[in-house]
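K.L.:
Start from the sequences, fold in the hints, and give me the full structure.
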Amino acid sequence: MAFERAALKSQAPKCQVEALTKRYGARAAVDAVTFDVDEGEFVVLLGPSGCGKTTMLRLVAGLAAPDEGRIRLDGKSVADPARDVFVRAERRGIGMVFQSYAIWPHMNVFENVAYPLRVRRQRGEEIKRKVESVLALVGLSAESRRSAAQLSGGQMQRVALARALVFDPTLLLFDEPLSNLDLKLRERLRLELKELQRRTGLTSIYVTHDQAEAVELADRILVMENGRVVQVGAPRELYHQPQSRFVAEFISTANIFAGQVLARLADDFASVKTMTGRELAVRHDGTVSEGDLVDVVIHPEDCRISVDESGRPDGYQARIVSRRYQGTSTRYTLDWAGEMFDVVVLGSEAPLAEGAEVTLTVPRERARIIVRNSARGTR
Amino acid sequence: MTGLAASTSRRSPSRRLFASAFSPRGAFVACLLAALTFLIVLPVLALVIGSFLPTPPRALAIDWSGLTLANYREILGEGNVLALLRVTLAAAVIGTAGALVIGASLAWLAIRTDVPGRSLLENVAILPMFVPPLVGAFAWDILASPKSGIINIALRSLGLDAALNIYSFGGIGFVFAIYYAPYVHLFVAAALRNIDPVHEEAAWMSGASRWRCLWQITLPLVLPALLSSGLLVFVLLIELFAIPAILGEPGNLHFMSVRIWEMVGFTPPKVNQASALGVLMLLITVTLVLIQYRVLGKRSFVTVSGKGLRPDLLALGTARWPLACLGFGYILFVVLMPYAALLFIALRKNLFYATLGALADTRQLSLDQFALAFSDPVVRGSFLNSLLVSLGTVTVGSLLYFTIAYVVQRTNLKGRRALDLIAILPIAIPGLIIGLGYLWTWISLPFGIYGTLWIIILAYVSQFSPQGVRAISGSLVQIDPELEESSRLCGAGLAYTLRRIVVPLAWPGILSAMILLLILSFRELATALFLYTSTTQVFSLTMFDFWLRGSTNLVAVMALVQTLVLALLVLLARRIRRERTQIFT
Ligand SMILES: Nc1ncnc2c1ncn2[C@@H]1O[C@H](COP(=O)(O)OP(=O)(O)OP(=O)(O)O)[C@@H](O)[C@H]1O
Ligand SMILES: [Mg+2]
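Protein chains in written order, with my numbering: chain A, 1 to 379; chain B, 1001 to 1585.
Calculated directly from the structure, the hints in this document are not laboratory data. Just so it is clear, the structure is predicted and the values come from calculations on it, not from any experiment. Don't be surprised by glycine CBs; every beta carbon is placed ideally from N, CA and C. Incorrect hints may appear among the rest.
[Unchecked claim] Just the calculated beta-carbon pair ranges, DEER-fashion:
no., chain 1, residue 1, chain 2, residue 2, range
1, B, PRO1116, A, VAL232, 18 to 26 Å
2, B, TYR1293, A, ARG118, 54 to 62 Å
3, B, PRO1116, A, SER147, 33 to 41 Å
4, A, THR253, B, LEU1494, 55 to 63 Å
5, A, VAL87, B, GLY1329, 30 to 38 Å
6, B, PRO1504, A, GLU249, 45 to 53 Å
7, B, GLY1317, A, ARG366, 54 to 62 Å
8, A, ALA142, B, LEU1313, 38 to 46 Å
9, A, THR333, B, ALA1315, 50 to 58 Å
10, A, GLN326, B, ALA1315, 48 to 56 Å
[Said to hold, decoys possible] So, partial list: chain B residues that the calculated Cβ filter (under 8 Å) puts toward chain A:
no., residue
11, PRO1056
12, ASN1194
13, ASP1196
14, VAL1198
15, HIS1199
16, ARG1212
17, LEU1214
P.N.:
Right, dumping it as structure tokens:
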């Protein structure tokens, strides 16, 4: 994987964003953001509401002009306020799928999808062929003559996608395209989208605040907070090596608690004492020293609970406070020395009862620490 | 057997209706229906019948045996009815087209672009609507009549030979367009606000240029608003009296409304033929209003997606300032310049000027005309009459409209649909026609309100019922029914609930409806044309009368006074509206 990307890196990236800043009033909605998107890559911008994802996307699209920084598409500068360069949206050749679909209600499905081709003055039969093939791609061949006003939400989303795909855009942008749909449909379209992207090989930037969507779709995720990119990485990297409490909280439902490093153990391990006095061994990246304030991140899926395994080195006493049966798994909330701690047990059985005393096993190589940034303050 | 079953099943609903008409509530609705019928349907009916009668209206005398088509034959045979139609429709078409272009461009500029001063522009763009058409017509006559118009004098003095002729189709169409463009503006602005700009962005992302997007996406999306406001303006222009009467006659352009007035007012009076012409006009306006309802009902695009902030406005770039100048310059041109001209005439001692030098002669300016006007008994009398008529209309009207609006919006009483329907009928009935209908009705009815202010008041109450009922309905709809229901559950009766809950909550809305009524009745001309006597002349009528007699100075003073009164009312209404939004947010 890493090797593949290195090979691709030899070409110029499809889209380069450098130190991009956009201010509304005194506040920067996008604050000195830098990233590249490689050919064929699916990049997801992930972050909470209001962190500047949409603004970022609109800057790339050309729907908004940056205050500082540069954007390059295929090596060509399309926005560079310092040099007075700004290529307008209609000249960038980018396809975009909007959150509210933006299907034109006065045109039927065919006309909506054909529009970008008509703008490009393509011939009639050419238009017909391309529109039909892209409608087939999104599974809407049968609806091509229907009025756009009669479509369901899912269908509108497919039309929007077809319209963005039909003219072979250099880059495809998505702004929370699935967030207005119900859960089932969302999951299905997510799969279809991934499959489509794999087949067409289109370079895409996808905005969402739904981490499940991000993890499933992304080759690479950019986590944003307050207009800044706080971490970039493949979904697995973010999951296993979050660099901040914010990322850890956002990307997963991990157990996170504050603690202090007691001592560095051998082999990249350290022992940490939590605020409530628990002691446990955790993994670190070699940058911690004794006395550091840290956050400990433990994923609920990585732990085990049992009734009879007391005495193991990484086993701890705990009591089951509540359990939530979730079909394919059960989520237990434990009272572990006075603090709540979640554990997810896979499988459709849920044998342990509320109130049971159990042994909690936390594999030491799965417990990670994040050193607290002093600028971030302590909580 | 079957026959019996059928007859009982048919009888029971009718018995229920019968019973309900005699329950107190049923009787109440029946009374309301009767009142509205009396005010609105009866006059129109009288007019229609009158158009088939051979003799002019007389008290208590309708000779049913004499029904005849002679009136229609006469006006159609005269041949000039076609000319009347042609002039009326052609000028209305020009005016509507102009209003559409002006209203839609200004709305787009103010709402979708980053033109400097956009919110101010949005507010001032509807100002021309507050200029009474009569006053506008006076002003443009003063400004642009071919020989003595101030603009023409100025052009000639500068050595230019481009004489503007306000008495032409183009001139009248222009005056129509500028004073009716605000209606289009309001419709299109609302439509633009209801269309998510993301639709335009999607077009840009598809590669469409700004210009192409404007034509292929924005314009089609506001098309329903354009169509229905266009039809509305078209109807209003067809029935308009003031501007054609002032600007049409000098250029020998004869309009239907003016012709009806002449037929009734000039000797020998031809009320029957005028009524036939009125029925023709009514047919046209009713048809157009029906079409408008179909257009409005069929499609309107509302595509706001609750989420998200307003995206950036369309950047006009270097065109920003030129377009702002154009927009604001236009408003100054059509609002300020006419009033400047009126003020000039009001201050000017004699009206003989033929050069720029003569125009600029400050020795000719004085306040004498104001003193003269304020001491003129006719002016004072008609000002008082207008005040009384306006107050009467507001009192009677708001009570009636509130009752209708309440019954329609808040009850499920039988007959409320009919009430609603009759109340909005006058949208399709020109004021002139209502007036003519009242003439027929009240001359043949025995109780004598003909010749009093009351007949004018009642005619106004009929004429303004659509606006009044809608305005009050609008404020009633905003009150959550549960507020009312909880009062009833607390044991309060209907009257108490109305007094303590509904009216206080709806009060700001009722108050602005009342001010709207004051404004409309203070400036109305056409409805009163056939209903006044020398002692019941209203202000607009006096202005019109003086104008016909050539007392231009006096008219200018009166126009300024009228505008001042109306402006104060408009400011009051704005204030109330602001307070209302403070209360409810
Ligand atoms: N046109 C605008 N005018 C003023 N402020 C804006 C504008 N657009 C965005 N902002 C501000 O910029 C910040 C980022 O907004 P943005 O829409 O990019 O967030 P987002 O990450 O897309 O959020 P969401 O997930 O809710 O869509 C917000 O604080 C917002 O208030
Ligand atoms: Mg967003």
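K.L.:
Please go over all the hints and tell whether each is borne out by the structure.
P.N.:
So, going through the hints one by one against the coordinates:
1. B:PRO1116 - A:VAL232: 18 to 26 Å: violated (41 Å)
2. B:TYR1293 - A:ARG118: 54 to 62 Å: violated (34 Å)
3. B:PRO1116 - A:SER147: 33 to 41 Å: With a Cβ separation near 40 Å, PRO1116 (chain B) and SER147 (chain A) satisfy 33 to 41 Å, so the hint holds.
4. A:THR253 - B:LEU1494: 55 to 63 Å: Distance hint for THR253 (chain A), LEU1494 (chain B) holds at roughly 56 Å.
5. A:VAL87 - B:GLY1329: 30 to 38 Å: Taking Cβ atoms as reference, VAL87 (chain A) and GLY1329 (chain B) lie about 33 Å apart, which means the hint holds.
6. B:PRO1504 - A:GLU249: 45 to 53 Å: holds (50 Å)
7. B:GLY1317 - A:ARG366: 54 to 62 Å: holds (57 Å)
8. A:ALA142 - B:LEU1313: 38 to 46 Å: Between ALA142 (chain A) and LEU1313 (chain B), where Cβ atoms are some 39 Å apart, the hint holds.
9. A:THR333 - B:ALA1315: 50 to 58 Å: Between THR333 (chain A) and ALA1315 (chain B), where Cβ atoms are some 53 Å apart, the hint holds.
10. A:GLN326 - B:ALA1315: 48 to 56 Å: Cβ of GLN326 (chain A) to Cβ of ALA1315 (chain B): about 50 Å, so the range 48 to 56 Å holds.
11. PRO1056: violated (54 Å)
12. ASN1194: violated (11 Å)
13. ASP1196: Hint on ASP1196 (chain B): holds, closest Cβ of chain A at ~6 Å, below 8 Å.
14. VAL1198: holds (4 Å)
15. HIS1199: At about 5 Å, which falls below the 8 Å cut-off, the nearest Cβ of chain A leaves the hint on HIS1199 (chain B) intact, so it holds.
16. ARG1212: At about 7 Å, which falls below the 8 Å cut-off, the nearest Cβ of chain A leaves the hint on ARG1212 (chain B) intact, so it holds.
17. LEU1214: Constraint on LEU1214 (chain B) not satisfied, violated at 12 Å.
In summary, the numbered hints that this structure violates are 1, 2, 11, 12, 17.
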